[in-house]
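Let the sequences and hints guide you as you build the complete structure.
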Amino acid sequence: MEIINNYISSFYWGIVDLPKNIQIALVVSLVSFGLLIFFYIFLLTKRMVYIFYRSRDRYWNEQIMDLLNVFLSDVDDSLESDPVSKVLPEFRKLPLHKWFIKRMLYQQILNYHKNFTGHASEKLKELFLQLHLDEIVRKKLKSSRAPIKIKGIIDTAQLELTHFSPLVKKLLHHPSADIRIEAQAAYIILNKAHSFDFLGDVKEPIQDWHQLVLMDLMVKLNPNQFPHFSIWLNSENTSVVELCLKLIRHFQQFDAIENIIHLLEHPNDEIKLQCIQILGEFEAAKAEEALLDCYNRQITELQAPILKALGRINSGNQLEFLLKAAATPQFEIAYEASAALMAHGSKGIALLKHYHHLAEPMNLQIIDQLLGETNNKNHGNLA
Amino acid sequence: METLLNTIAIFFNHYIFVYAMVVMLSYLLIIILSAFEMRTYLRKNSNTDYRSILVSEFAPSVSIIAPAYNEAPNIVDNVRSLLSLHYNKYEVIVVNDGSSDSTLDELIRAFDLKKQNYAINKRIDTQDVRGVFRSNNPGLERLIVLDKENGGKADALNAGINIAHNALLFCIDADCIIDPDAILKLVKPFMDEPVKVIAAGGVVRIANSCEINHGRLVKVHMPNSLLSRFQVLEYLRGFLLGRMAWSRINGLLIVSGAMGLFDKDIVIKCGGYSTKTVGEDMELVLRMRKYMHKHKIPYKVVYTPDPLCWTEAPSDLNILGRQRNRWSRGCLESLIMHRDLFFNPKYGTLGLISYPYWLLVEWMGPIIEFIGLIVLGILIYFGLVNWTYTIILLVMVYCFVLAISTLTILYEELSFRQYTSGKDLVKLSLLSFLEPFIYHPLILYWEMRGNFDFLIGKKAWGKMNRNGFR
Amino acid sequence: MESPYKILVIEDEELIRKVLEFRLKKEGYEVYLAKDGDEALDLIAQHRFELILVDVMLPYVGGLEITHKVKSDPLTKDTSVIVLSANGLENVILEAFALGADDFIAKPFNLPELIVRIKKHIQQKTA
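Residue numbers (my numbering), protein chains in the order written: chain D, 2 to 384; chain H, 3 to 472; chain G, 3 to 129.
Treat the hints as calculated values from the structure; they're not laboratory data. The structure displayed is predicted, hence computed values, not measured ones. Do not take every clue at face value.
Said to hold, decoys possible - Pair by pair, the computed Cβ-Cβ distance ranges are: (1) D:E161 <-> H:D127: 28 to 38 Å; (2) H:I440 <-> D:P206: 49 to 59 Å; (3) H:M339 <-> D:A351: 46 to 56 Å; (4) D:L218 <-> G:Q48: 58 to 68 Å; (5) H:D51 <-> G:F99: 25 to 35 Å; (6) D:H358 <-> H:A169: 35 to 45 Å.
A virtual CB, placed ideally from N, CA and C, is assigned to each residue, including glycine.
In structure tokens form, the structure reads like this:
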């Protein structure tokens with residue numbers, strides 16, 4: 002004992018005598034070495050755990066999928082009057098008291114529901130409820146961890162679990178933007194009146210990603226039940242205006258044209274651009290004057306789209322104007338003006354061909370390109 | 003003489019030690035930041051259904067620009083895999099940078115291309131474009147092939163930018179293998195960050211010895227050659243630790259030239275890629291960042307830790323040496339071109355943290371190490387060295403470096419687990435033990451050569467042999 | 003007894019593969035599975051299929067390329083090809099038909115409807 006004590010104390014005093022940097026070096030080495038061992042142990046355990054779970058999960062997944070496959074066949078078999086009751090005892094035979102199995106079953110039913118439509122989809126939902134798996138959804142909705150909550154919302158929307166609508170409603174104005182948008186999207190599905198009222202309330206910007214999520218779900222719904230999105234076009238929230246414009250465009254709400262023409266004076270360039278594009282796509286003849294009117298007040302990036310829109314409107318009244326624009330040295334303007342003339346068919350093409358031998362090299366290139374492309378289309382793409 | 007050497011020894015002991023401590027502390031910070039960033043990324047995207055971006059008309063359109071120089075053996079396979087990426091609204095612009103082999107002919111033949119009349123908006127100045135080709139096949143509408151006079155990678159990219167029609171540019175190396183979901187994953191940050199995203203990069207992985215079929219990655223393996231294996235470890239460290247950490251504080255200085263997604267508008271406003279440097283990828287990002295600061299627009303350069311791109315790493319000492327030499331020179335060129343960033347508060351994180359770090363740690367680190375080794379050599383020669391202390395110090399550095407490398411391997415295991423076989427993990431660990439003795443000295447030498455070559459004014463890219471993937 | 007008709011299902015999502023395998027086997031077909039284009043091409047080279055069900059978005063060799071290969075090879079051009087695609091990719095569907103696909107169905111799909119269509123295509127061929 003004495004010897005050990007002596008050894009330790011001489012060791013200690015030996016260290017204390019060392020210069021500061023060597024002391025630090027020793028500490029760092031020890032700590033690093035310790036961490037090294039720790040990392041390797043951690044790595045090994047993770048690997049082993051992973052391998053274990055993988056084989057276990059694979060086994061149970063097979064069992065569950067086999068049951069679900071048989072279930073789906075019964076569903077499609079017109080002779081089976083109540084496939085859910087028939088298969089329920091089989092599912093109950095699974096050791097559902099084990100949390101991971103219950104969770105696996107939950108996820109698989111959701112996966113199946115996601116991939117198949119029609120009668121199968123209804124029956125899967127029925128099975129889900131009969132197995133009381135909606136309790137898991139409730140737990141997720143009430144979870145304090147954001148990703149779990151979001152999963153709960155997504156699953157609620159997917160299965161259309163309308164009895165959870167109040168829970169989702171509470172999340173409509175949640176401080177986290179990610180939760181809010183999923184809740185808003187889910188609420189639209191659950192609440193068959195397709196409530197878009199949140200568009201009037203929302204103060205924070207709706208990010209592009211969120212707009213996409215909303216859009217993704219809306220294309221699955223019946224467009225006749227949508228409101229006229231033009232009511233929110235005078236919102237202070239620019240992202241709401243953007244979203245509404247996109248929706249008006251996709252769902253072709255032509256009644257919004259008047260409102261859009263007014264929006265051409267909006268301070269935000271992105272919104273102006275969208276308006277110009279929509280008016281072109283809608284071939285809104287009554288917008289032509291307004292477009293021409295504001296043309297000279299715009300930056301180049303907006304003038305080019307105006308020319309494109311005029312091409313789509315194709316009224317035939319602006320050929321001179323377009324020709325002048327086609328002769329400018331600015332590439333984008335010259336290009337769009339020439340393309341707009343081409344869009345006017347034979348009249349426009351004739352004008353371009355006439356101007357051809359007067360054109361500057363750049364404009365000449367543009368005209369040649371456009372004429373070439375039209376030729377290709379007409380001759381059925383060569384081949 | 004002896005007092006001079008003693009003074010040097012003391013200087014060496016104290017100041018270089020302090021420098022080493024600072025560098026190690028910065029590594030600790032990097033580890034913490036990258037852990038947070040990784041966690042945030044995985045949590046954020048655990049519920050993301052990328053397929054909804056795939057089919058949505060609200061998704062942004064992308065122009066892929068792939069410059070190609072003498073890529074004849076692989077070009078058709080690679081372009082084919084670019085044409086079948088998982089994305090809907092995109093075009094593929096292949097720029098043949100005056101290849102001396104049959105690259106263009108291969109393309110014309112395989113894709114039934116025909117020369118078109120095409121007007122090019124020369125927003126950025128480039129070498130002459132000899133022709134624009136599109137396919138007769140209606141199913142290949144996405145493809146545009148540009149043939150031009152040789153001008154280098156930056157010049158080829160600029161030519162592609164001039165004819166790109168979409169708002170986002172995906173600039174890649176034609177010989178890289180791009181993951182089918184790459185655009186889906188890179189595009190998302192452009193849509194869901196609260197500030198404007200100007201550039202996004204992903205992880206570049208090493209493809210050597212992976213099973214590759216017709217330009218697609220089939221199975222991941224650790225490379226066979228020792229040199230390539232070392233690079234795997236190096237890339238993992240750089241990408242999973244380094245870039246994640248910098249992304250966290252929005253201080254990312256570089257988006258890999260192998261693959262990057264950029265906002266076209268900003269790129270053009272900055273004047274496109276610079277043909278004056280061999281490190282054009284880093285230089286562009288620097289310039290884009292400065293532009294945003296100058297115009298006081300809040301922005302972000304993001305980074306996703308997903309493995310999205312696979313590249314053939316040099317497995318030959320000479321070629322690797324040339325590559326590292328080029329990287330060294332490119333880095334130095336960019337640092338000098340933008341030296342006005344140094345501790346300049348006008349440029350926020352970029353000027354106060356990123357640039358100084360790159361200069362004082364990334365660039366100066368190897369130089370100090372090199373000087374340290376020389377001094378050590380001199381001291382040993384004169385018998386002035388305390389062996390116990392020296393060994394303790396070297397052990398400290400070795401243990402620390404090992405811990406970092408092991409942590410990297412752990413990160414890889416916890417996140418994307420590309421190297422699923424246990425054997426590959428063992429190989430990685432063994433490498434981490436050997437690296438400081440074998441690989442690191444090589445890298446150090448090449449970096450020094452790079453600096454030296456820069457001083458004497460070397461400019462070229464050096465020849466890169468294209469073996470093609472087997 | 004005549005040999006059962008052979009169907010190839012090329013789909014990267016495991017669930018759809020498994021479900022289709024189960025159902026089609028139940029209907030009496032001999033079912034082969036491939037999870038990507040390379041596997042599929044190997045199988046196509048080895049067997050003569052009556053019908054191929056292929057997802058447009060496959061990881062490696064694309065579904066469209068497979069359609070093209072099958073329909074342009076004189077040995078296999080009689081094989082019926084049904085294309086599966088995520089909803090919303092109309093341009094891709096048009097391209098599939100241009101390359102010779104015989105039918106398409108959008109995901110998520112109605113399973114019994116798909117089975118009926120498969121049966122119809124096979125019957126039409128062998129009639």
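Results of checking the hints against the structure:
Checked against the hint of 28 to 38 Å, the C-beta distance between E161 (chain D) and D127 (chain H) comes to roughly 58 Å, which is inconsistent with it. Distance hint for I440 (chain H) and P206 (chain D): a CB-CB separation of about 53 Å, consistent with the stated range 49 to 59 Å. A hinted range of 46 to 56 Å for the beta carbons of M339 (chain H) and A351 (chain D) is consistent with their spacing of about 52 Å. A hinted range of 58 to 68 Å is violated for the C-beta pair L218 (chain D) and Q48 (chain G), which are about 43 Å apart.
A beta carbon spacing of about 27 Å between D51 (chain H) and F99 (chain G) agrees with the range 25 to 35 Å that was offered as a hint. Against the hinted window of 35 to 45 Å, the Cβ-Cβ separation of H358 (chain D) and A169 (chain H) comes to about 36 Å, which satisfies the hint.
When held up to the earlier numbered hints, the structure conflicts with 1, 4 and fits the remainder.
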